[in-house]
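Chains as they are written, first to last, in the numbering used here: chain A, 380 to 695; chain B, 54 to 550.
Hints were generated in silico from the structure; no laboratory data involved. Just so it is clear, the structure is predicted and the values come from calculations on it, not from any experiment. A couple of the hints might just be wrong.
Cut-off 25 Å, straight-line C-alpha distance, at most; resulting in silico cross-link-like pairs (SDA-like, lysine to any residue) [said to hold, decoys possible]:
| id | chain 1 | residue 1 | chain 2 | residue 2 |
| --- | --- | --- | --- | --- |
| 1 | A | Lys563 | B | Glu416 |
| 2 | B | Lys395 | A | Ile613 |
| 3 | B | Lys449 | A | Ser640 |
| 4 | A | Lys563 | B | Phe422 |
Label pairs and their calculated CB-CB ranges [claimed, not checked]:
| id | chain 1 | residue 1 | chain 2 | residue 2 | range |
| --- | --- | --- | --- | --- | --- |
| 5 | B | Gln380 | A | Lys498 | 43 to 51 Å |
| 6 | B | Ser378 | A | Leu506 | 35 to 43 Å |
| 7 | A | Lys498 | B | Glu312 | 38 to 46 Å |
| 8 | A | Phe415 | B | Asp273 | 35 to 43 Å |
| 9 | B | Gln380 | A | Thr669 | 34 to 42 Å |
| 10 | A | Phe477 | B | Val430 | 36 to 44 Å |
| 11 | A | Leu506 | B | Asn425 | 34 to 42 Å |
| 12 | A | Ile503 | B | Glu312 | 47 to 55 Å |
| 13 | A | Ile540 | B | Val430 | 50 to 58 Å |
| 14 | B | Thr121 | A | Pro500 | 45 to 53 Å |
Glycine is no exception: its CB is placed at the ideal position from the N, C-alpha and C atoms.
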Amino acid sequence: MGNKLTSRFRDIGQYGIFLAFVIICLILAFSTPKFFTVSNLMNIGTQVSINALLAFGVTFVIITGGIDLSLGSMVAVTGVLAASFAHPDTYPLIVPVFIGLAGGLAIGAFNGLVITKSKVPPFIVTLGTMTIGRGLALILSNGRPISNLSDSFNFIGGGNILGIPFPIIILVLAFLICSAILNKTILGRYMYAVGGNEPAARASGIRVNHVKMWVYTICGLLSAVGGILLTSRITTGQPNAGAGFELDAIAAAIIGGTSTSGGTGTMTGTLIGALLIGVISNSLDLLNVTSYYQQVVMGAIIIGAVVLDSMGKEKS
Amino acid sequence: MTETILQIKNLTKSFSGIKALDDVQLTIKKGEVHALMGENGAGKSTFMKILIGLLSPDSGEIVFEGNTIKNSTVNEISKRGISMIHQEILIIPELTVAQNIFLGREKEILGNKSGWLNDKNITIKAAEFLSELGVDIDPNIKMKYLSVAQMQMVEIAKAVSNDATVIIMDEPTSAISDREVSALFKIIRDLKSKGVAIIYISHKMDEIFEICDTITVLRDGKYIATKSASELDKNSLIAMMVGREINNMFPEPVLEKGEIILSVKNLNKKGKFSAISFDVSAGEILGISGLMGAGRTEIAEAIYGLSPADNGTIHINGEEIKIKSPQDAVANGIGYVSEDRKRLGFIPQLSVKQNLTLASLTEHCRGIFIDNQKENVAADQMIADLKIKASGRNQKVTHLSGGNQQKVVIGKVLAASPKIIILDEPTRGIDVGAKFEIYKLINSLAAKGIAIIMISSELPEVLGMSDRIMVLSKGIQTAILSRKEATQELIMKYAVQ
Chain A
380 MGNKLTSRFR DIGQYGIFLA FVIICLILAF STPKFFTVSN LMNIGTQVSI NALLAFGVTF
440 VIITGGIDLS LGSMVAVTGV LAASFAHPDT YPLIVPVFIG LAGGLAIGAF NGLVITKSKV
500 PPFIVTLGTM TIGRGLALIL SNGRPISNLS DSFNFIGGGN ILGIPFPIII LVLAFLICSA
560 ILNKTILGRY MYAVGGNEPA ARASGIRVNH VKMWVYTICG LLSAVGGILL TSRITTGQPN
620 AGAGFELDAI AAAIIGGTST SGGTGTMTGT LIGALLIGVI SNSLDLLNVT SYYQQVVMGA
680 IIIGAVVLDS MGKEKS
Chain B
54 MTETILQIKN LTKSFSGIKA LDDVQLTIKK GEVHALMGEN GAGKSTFMKI LIGLLSPDSG
114 EIVFEGNTIK NSTVNEISKR GISMIHQEIL IIPELTVAQN IFLGREKEIL GNKSGWLNDK
174 NITIKAAEFL SELGVDIDPN IKMKYLSVAQ MQMVEIAKAV SNDATVIIMD EPTSAISDRE
234 VSALFKIIRD LKSKGVAIIY ISHKMDEIFE ICDTITVLRD GKYIATKSAS ELDKNSLIAM
294 MVGREINNMF PEPVLEKGEI ILSVKNLNKK GKFSAISFDV SAGEILGISG LMGAGRTEIA
354 EAIYGLSPAD NGTIHINGEE IKIKSPQDAV ANGIGYVSED RKRLGFIPQL SVKQNLTLAS
414 LTEHCRGIFI DNQKENVAAD QMIADLKIKA SGRNQKVTHL SGGNQQKVVI GKVLAASPKI
474 IILDEPTRGI DVGAKFEIYK LINSLAAKGI AIIMISSELP EVLGMSDRIM VLSKGIQTAI
534 LSRKEATQEL IMKYAVQ
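In isolation and in its complexed conformation, chain A is listed as follows (with noise of 0.2 Å):
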């Protein structure tokens, strides 16, 4: 078993990363009393989680050769349209969620018809979408936040169950859907021969163009998620909310141990990518580190991890 669980973490290229999360998560602990405590982890893992499911999304499409630049988009758009569902005594809770999960299907679904019917390179098209995206959701606002959202509506991002915040309830179902979706199903495994080799997929008989409609519907629908979450937790649903978070996620994904050029990644290594990241901003903030050096130390820390995974693998 022992052995089985190292030939696989070696397996996945994410050794290095794990190892790094790990040792960095013991120098806090013993720098600074606040890291470890129940409070600062569940607050770490609130904050990592919409960066998580966005990760994830990516991930997929990372994995088939493409790339998703309108996820922050879509947090906005879907929050917006939740929000304007979800006032007190209006409609039940199912009807926001639906329908803000429903805009990020119809938007990645989007992304993946331009793609596959276009053959317009992935960047450019959700390039596109992430400009649209962000027009819809000022449209869809008149451009002003919607606040007065119901209670039940608010508990999705700041609840708890059992003392457990319901984002990190969300993150973990999530991971463990992605993950079994990615390493179980026919679907994950054809999403690495099309980021693998291409034309070989086709010339096995795989949908390529299925395949590719999947991973950036998916990508919407988790990105829908996050949009859901992030408008709950601050109550309010914000046209100009989740710009740049698609560069987080993406980083998130490359940390872990995705490679740009697709064939490879793993969700358990976009996990890892966006808890060091969760934990280093947090870390930061506990140790009275200003945002600006925050950003130059992420950014560091990005290059590092892509640096170290080709050093690894010019060794083998």
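Please arrange chain B on chain A, whose structure you already have, making use of the hints.
Using the frame of chain A, we list chain B on its own:
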């Protein structure tokens, strides 16, 4: 002519404990064309990588023009005068011929220290070197507009401009036409008369005997022998390479044929092929022969739906079917092993198992989930059936030899239980021993009643394996010959018609 220019002694190199080269030696004399022969995996490329400074040896000595070379970089070695023309030519397509020739050496060659470029000077210099080689290429043209053969000439001009005294050519004729080969050989003879030594790596026996003076054979990383080309013939050379005589490359043909399975009528594709009609029966091997550009692969891709035909009909078991995509073909029991193994054959990031089951994954699942147990059993079965040499089902395909990679690709197609298999150049880039195994495999498939279409550029292969041979010329089928009547001469006659 007898002066030694390069001597390599006791060279050893291991990769993670496995000896890729074991006490290898090589002596190159001025003005000779020296063939380096061996099966894939014999250590030729590791050897050459060490020679040009891409890898450093564990032990051994390289003496070049009387000086020992140690720990030199690629740049230092090319400055000393050893250049390599790589199989996959390394060029910058958007730069001109002249800019490519002097790339990285602009300052030295032109005596220009300022850092400003003078394209005019570069062009004049490049023209000199090209005309010295007797090559008619405009130095001002962008590299991307040249043919592969012309690019090769430019690479040679680059080596010559570098005052190379030893030029290594790795499979220089793998992608060029016969006429271009003779132009290349003229240049090689020219260089030879100027005292330049050529290390020539190729699998093509005929070329080796035409152009080379001396032959050194490696096998399994070990030095076998160096002999004058005149002392050897094809069979004795093959015997040295594989360590055994291969008397009969081709297994006995399967005699029992079943009913017609695939029937193609009047298939057309504009600019590619026209009026293609043929039948293939169960257990039959139909060879397709023709020169490059005759439309062989295009026909295969049309039947498999990668690039469907404009019109014409395809019948399977008497029933007309429409094939618009590979999914349609697979659903109708057609499998395709592409000539381009790297591009269309396998997924490099996936394991042997994952590649083997890729085309038949829906059979190893419960609902949308993959059934691990079932998949493992299927993969292990295929590995055993095809005698794939891998450390296990979880090994990455990229770590296998060419022959075993090909078996994985064939295994992937077989796993989908096809009734018809199209094999496009099934033994390309595979060494002699593995070829024999692939042939046996093909025959065993025929014996199971699978209809096989085998496209091949190697005439002995087509003749040895096929029950009937369709010959193509410029997109038109010029003959279908029976095994009895077919000869190399007859096929060539129809191929150039």
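Index of numbered hints that the structure contradicts, given in increasing order: Checked against the structure, the hints that fail are numbers 2, 5, 6, 8, 9, 13, while the rest are satisfied.
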